[in-house]
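Position chain B relative to chain A; hints supplied.
Chains as they are written, first to last, in numbering that gives the first Met the number 0: chain A, 0 to 430; chain B, 0 to 430.
Because the hints were derived from the structure by calculation, they are not lab data.
This list has only true hints and no planted wrong ones.
In silico EDC-like links for lysine to aspartate or glutamate, alpha-carbon gap of 16 Å or less: (1) 423/B <-> 364/A; (2) 418/A <-> 368/B; (3) 418/A <-> 364/B.
Residues per chain, in single letters:
Number of protein chains: 2
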Amino acid sequence: MGKINVDFSKLHIEEKEILKYSDSILNIHNFLHGKSSLEKEFLGWVELPSNYDKLEFDRIKDIALKIRNNSEILVVIGIGGSYLGARAVIEALIGSFENGDVSNTQVVYAGNNLSSRYLIDLINYIGDKDFSVNVISKSGTTTEPAIAFRIFKEMLEKKYGVNEAKKRIFVTTDKEKGALKLLANQEGYETFVIPNNIGGRYSVLTAVGLLPIAVAGLNIDKLMEGARTAQERFANPNLLSNECYKYAVVRNILYKEDKNIEILACYEPRLYYFAEWWKQLFGESEGKDLKGIFPASVCLTTDLHSMGQYIQEGRRNLIETVLNIVGGNMDIEVKEDKDNLDGLNYLVGKSLDYINKKAMEGTIEAHVDGGVPNILINIAELDEEAIGELVYFFELACAVSGSILGVNPFNQPGVEKYKRNMFKLLEKPGY
Amino acid sequence: MGKINVDFSKLHIEEKEILKYSDSILNIHNFLHGKSSLEKEFLGWVELPSNYDKLEFDRIKDIALKIRNNSEILVVIGIGGSYLGARAVIEALIGSFENGDVSNTQVVYAGNNLSSRYLIDLINYIGDKDFSVNVISKSGTTTEPAIAFRIFKEMLEKKYGVNEAKKRIFVTTDKEKGALKLLANQEGYETFVIPNNIGGRYSVLTAVGLLPIAVAGLNIDKLMEGARTAQERFANPNLLSNECYKYAVVRNILYKEDKNIEILACYEPRLYYFAEWWKQLFGESEGKDLKGIFPASVCLTTDLHSMGQYIQEGRRNLIETVLNIVGGNMDIEVKEDKDNLDGLNYLVGKSLDYINKKAMEGTIEAHVDGGVPNILINIAELDEEAIGELVYFFELACAVSGSILGVNPFNQPGVEKYKRNMFKLLEKPGY
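The following block holds chain A by itself, in its conformation from the complex:
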């Protein structure tokens, strides 16, 4: 049961060191799973996989089907947690290069930067294609997505007329209040809810992530099922047999030993945005009060030829957490070449996945020998269930790890500072 497991065997941490955190873990566990947890602010994600709005879930599937039928492109407008989770899941399961085949509705992303070049490139790319928009924002006033939404709303109205455009705008926002909710009520847009008790970076399994993921053609039932598996598996308060809690503890032990950078390493380019999601989750949750492990990521073997030298022989302040996809659902074999000038014939008949695996094993050995503690997360296969499980695993691990560190893993006070300065420079009324 469960499609992921964590291998701590490459670490040199004694069990008794881990057990020192037992009391702390029990307290955090009780806090997270306390009877009133659903009442607590920011803890809505804890029981979400087994306790979500089934009616809205079914509506998401219906609407996704409708969008898939009338749109070649869905423009997801959102920043931070409002797009990273969806993008992480979609790219992991569908791949790069135009989200796979052309019969699929492609999800593209806007409103996560202020680059005119990006926006113009995107508009040119959409061209004459049929498209819909999913705008995702709690308040509806965040600068980046609000600007993008004005632009794409106008594009839709020009292309389809005002009334038809309204049927191509889908809003994910607060249940009751805020600019976007008000506009949606006024215009009659279909809306979905960002729950009050779930913060942006923990929101991928709400409508925030689920609608775009379903539009991309993925099975959100399986995604929730995987998350539910994780919810059950990692609700065990026993530290030694709960790999999620153990991961949280181990990274705190390493942090105390001055390992202050954690690199999430994958051997599959499709996991690039999953790593970006992970960076937000941990960076925003733990990077405060002048503390926190700095989250970074590499895509291997690619980056063994760029960051590899540093990981092998640079400052020894690194932790490496490896995402290992155990099963492959695609493969290519190395074929014979009679001249064998490149010396590859020793690999004839071997599959690329096999070679990739050996590269991973050789790299883990080299990095561990070089003084970089490695944690290995095995993922049975790259599918909705496994990704759902992994998402919940990291969400829980992050909440626990941040709590051990002594920070509030659910706020992000530092994010407001640049905004205030920016508003002042832009002469926004009131700043």
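Frame of chain A; chain B shown alone:
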């Protein structure tokens, strides 16, 4: 003269601190610019912009035109320095979303990982399109590109026949020796040279980078012109008036103050691969002997909603170097909305570039206030000349900075370790 300049005004480093490095800088300067520098191993890049093989340069332009005429896609096969420089320049100047318009030949990348999913996605993406291959490898035996080359060579032969395929394979490799050179001689492939005295991460202005960049439709004369401007501007041995040397010194001063992570921040998504190139350059040059600043990157304002919290309030071991594109060649204005529910009307008539700039200024102020030293690199506009200048600026700064740090900035001994382990696990003869 020159399209880039560096603003150190956000730092709190006294001039006398910088001047302590004057002697050291003079020694390094003399080493780099010594009369016999072209004879020295690894220093071929120093005078490259003013001293390159003009005949080969013209041949690159001719061949690029030929490829542009008969290929919708060029597959660049290479790993590390053999693709990152080209990709950095192409994506900076042409953009994401299929390299801009469809009339252009699109450059795609293979042989930089061992993922079968990636390769199959890429092959599906190429589909029926006409394509050519540029395989880039000094030895011709590096596992990743060698495997990819076997596959794409076979694809070309199946599609075009053996003889026509030969005219669609372009080899960039050692001048005289190695498996790829041997194969090219045997098969009659057009070849280009990776100079002996230029390492992979310093090779973007050789045929390694120039052929793909020219195929993408960019002006490589202007690129070299920009690099030449930098070569002249930053050949000044006076530390205080040489911004390149000053950047190298300043990062070493900060490193001694325990700033051990440098984040390259851009406000333009097109610079994503430029940051990846920069990470290889600095990470591989300095990350050794248990030393070195860990290079990371963020794309803003996107990542203000993920890594922003950490940068603002996490551990204070960060340096932030900002790439600021001063002039915009595209723009979009915010338009009026009568209801103004999103509260954006205060921005009506303002351009997106202007808002992006104010976001940058507000962010720099916030991060500096938060204890992150910021270095600002202003780039007049995003064009070939500016990118050429910036490439040379960073190459020189990296060589100088690594020398100050006391490491050899031109080797990468750690990269071999995973390979040895991998070969052993793959039972390669001799391992």
